[in-house]
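Novice: Each chain is listed here by its residues.
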Amino acid sequence: MASVSLKDIHKSFGRTEVIKGVDLEIADGDFVVLVGPSGCGKSTLLRMIAGLEDVTAGEVFIGGRQVTEVAPGDRNVSMVFQSYALYPHMSVYENLAFALRMARMKQAEIDRRVRDAARILHIEEFLDRKPAKLSGGQRQRVALGRAIVRDVEVLLFDEPLSNLDAALRVEMRLELMNLHERMKRTMIYVTHDQVEAMTLADKIVVLEAGLVRQVGSPTELYEHPANTFVAGFIGSPRMNFMKAEVVEASASRVRVQSADIGTAELPIDGAGLQAGTEVTIGIRPEDVDLGGEGGIRIEATVEFIEYLGRETSLEGRMKGGHSITALIEGKFSADRGAAVSLSFQPQSCHLFDTRGNACRRLLSPAGGSPVAVGR
Amino acid sequence: MRRGIVGNLLLAGGLGFIAVIVLLPFWWVISSSIKQTSEIISITPTMVPHSFTLAHFDKLLRSSDFPRFLANSLIVAAGAMAITVVLAALAGYAFFRLKFPGQGLLYRLILVGYAFPGIVVLVPLYGMMSAAHLIDSLLALIIIDVTFALPFAIWMMRAFLVAVPSEVEEAARLDGASHMTVLTRIIVPMIAPGLASVAIFAFVSSWTEYLFASVLIQSDAHKTLPVGLAGIIGQYQVDWGLMLAGATLTTVPVVILFAFIGRYFVTGLTTGAVK
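Residue numbers (the numbering used here), protein chains in the order written: chain A, 1 to 375; chain B, 1001 to 1275.
What the hints contain is simulated information worked out from the structure, not anything from laboratory work. The beta carbon of each residue, even a glycine, is placed where N, CA and C say it ideally should be. Any given hint might turn out to be false.
What the hints assert, rightly or not - If you anchor each label on the Cβ, the simulated ranges turn out as follows:
id	chain 1	residue 1	chain 2	residue 2	range
1	A	E59	B	A1259	56 to 64 Å
2	B	A1221	A	E109	54 to 62 Å
3	A	E69	B	Y1114	36 to 44 Å
4	B	I1030	A	G137	48 to 56 Å
5	B	V1188	A	S323	51 to 59 Å
6	A	R101	B	L1090	35 to 43 Å
7	B	A1259	A	E171	46 to 54 Å
8	A	D151	B	Y1114	47 to 55 Å
With the sequences and hints as input, model every part of the structure.
Specialist: Here is the structure:
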């Protein structure tokens, strides 16, 4: 087992800097998910841990050993690729055995390990087949098998489920969680799918434009996003944002004024805020109710409604011109342009300062390790 | 796209016409090689042999230098083929899968080498072979044939090597394989159809090479088939039967090669690697 540690990692392709100084500590046995929009550098970061990409500056440690210049095969890591990357001319058995043969393991040991891995992943009956004769899900299992058969310290996953259909994705997600539970190995997983990130991770690392925006547990990221980027990225549908102005601020509450909601008092630590500064209020769609007494009321006009079965997503426009999304339980219908009353509780609100950094929320579980937006 | 009956007939007719043009000379040579000399040189040519004899083959194999020419040609063509395949795989891997300074320039220089016709470099190459004491040796022909086949062979490798997904190679490197192991255990099996094409190309170019074989080889003992067969055409008379029997047997190794390697000309070997 091994921890992974990245120290001030930079990576440039030509003149384009894609990783702009990443420090990251991943504890032994953690399941860490690197998440972010495409082009944020998450795959590059993973490939640098694997040794498939040179590091422009900085250091990579695996299990306390400096491996920045070490060849991929000598890092004791394995990787599952999005495209599976199976050896097409070899049988499933040989695909699994290849790394063990490279390590000059005895045939009896190779056979035992290959069959063990095949049993765990339910691919025993396909051992003699070539990859071309397997379905997508079976190929992905073989790719997974190839990663676990070596019994490495760190397993890396580069969007391994994106080629699978929705049902298979859920099944494989469960399988991955079981695998982590059983192997207790450090796993680093890259995805752009925040549902995958939320369900799999012990710890999520949110990246944007080559920088780490926040590191924390799924709950921390959801409850205490450190900035507007994380707030908008984690959670689906996306968090609603509206501009407001600080009327009065103290360490125990902030009074804000906005064209959308009028005046409201939020249970947020406003110690760093001055009256008159512009802030952003954030409210998750699932925290917005239809009608409702008390709390903060909003009048909006309906733009469109999506019936999702268990709930209805309503998109409306508020007085101040900002749009708002509400997730309403059950079925709800209204005509486009109809007026609706919505409301939310002050303690459900998030507040972000002018630079987009979160102010501490006072009425929900504490935690999170916010990383500032500005460097 | 669906074709009607007329379309199919036109297509079949067109293909049949081309097939006749391509195959007729072969039929002419092969069928004539078993005709008696009088029928071969008769004023009214016969498409289907009226006579039958194996005398030309008998003479060719028993009392001419043909077997020696055939052996020489086989040595030169097989040697050139083997070396070209190995070098093309190595060079192709370096050019299209690795990164090193001067890569693009070097690749272009090699392609430029292919642009020169043999006759242009005949004299300097003769000088070089002479300095290396390789005149009248089969090794000289192998070296020359590899030199001329290699640029095009490397270019042929490009499409096949580019098609190998980089993740497969990366997976092998993570599995602990060296560059050489990646090439021999992963890449080569995946580009086998490409290597088969290169092998056939190199073999056929060497098999049919005349210019350098006629200049660099001086003794009958080291002559290859194209030069040896040309020798059958004497100053005052031509033994057409012998010539046609020789031409028939000359095509045999190429046909056998296609029969063995031709099966690798299948697409889709890379299916199942990714996606």
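Novice: Does each hint hold? Answer for all of them.
Specialist: Checked hints:
Remark: the range hint 56 to 64 Å for E59 of chain A to A1259 of chain B is upheld by a beta-carbon distance near 58 Å. Between A1221 of chain B and E109 of chain A the Cβ separation comes to about 57 Å, which falls inside the hinted range of 54 to 62 Å. Roughly 39 Å separates the CB atoms of E69 of chain A and Y1114 of chain B, a value that falls within the hinted 36 to 44 Å. Hint check: I1030 of chain B to G137 of chain A, Cβ distance near 55 Å, so the stated range 48 to 56 Å holds.
The hinted window of 51 to 59 Å between V1188 of chain B and S323 of chain A holds, with their beta carbons roughly 58 Å apart. For R101 of chain A and L1090 of chain B, the hinted distance range of 35 to 43 Å is not satisfied, since their beta carbons lie about 23 Å from each other. Taking the beta carbon of each, A1259 of chain B and E171 of chain A are about 48 Å apart, inside 46 to 54 Å as hinted. Hint check: D151 of chain A to Y1114 of chain B, Cβ distance near 50 Å, so the stated range 47 to 55 Å holds.
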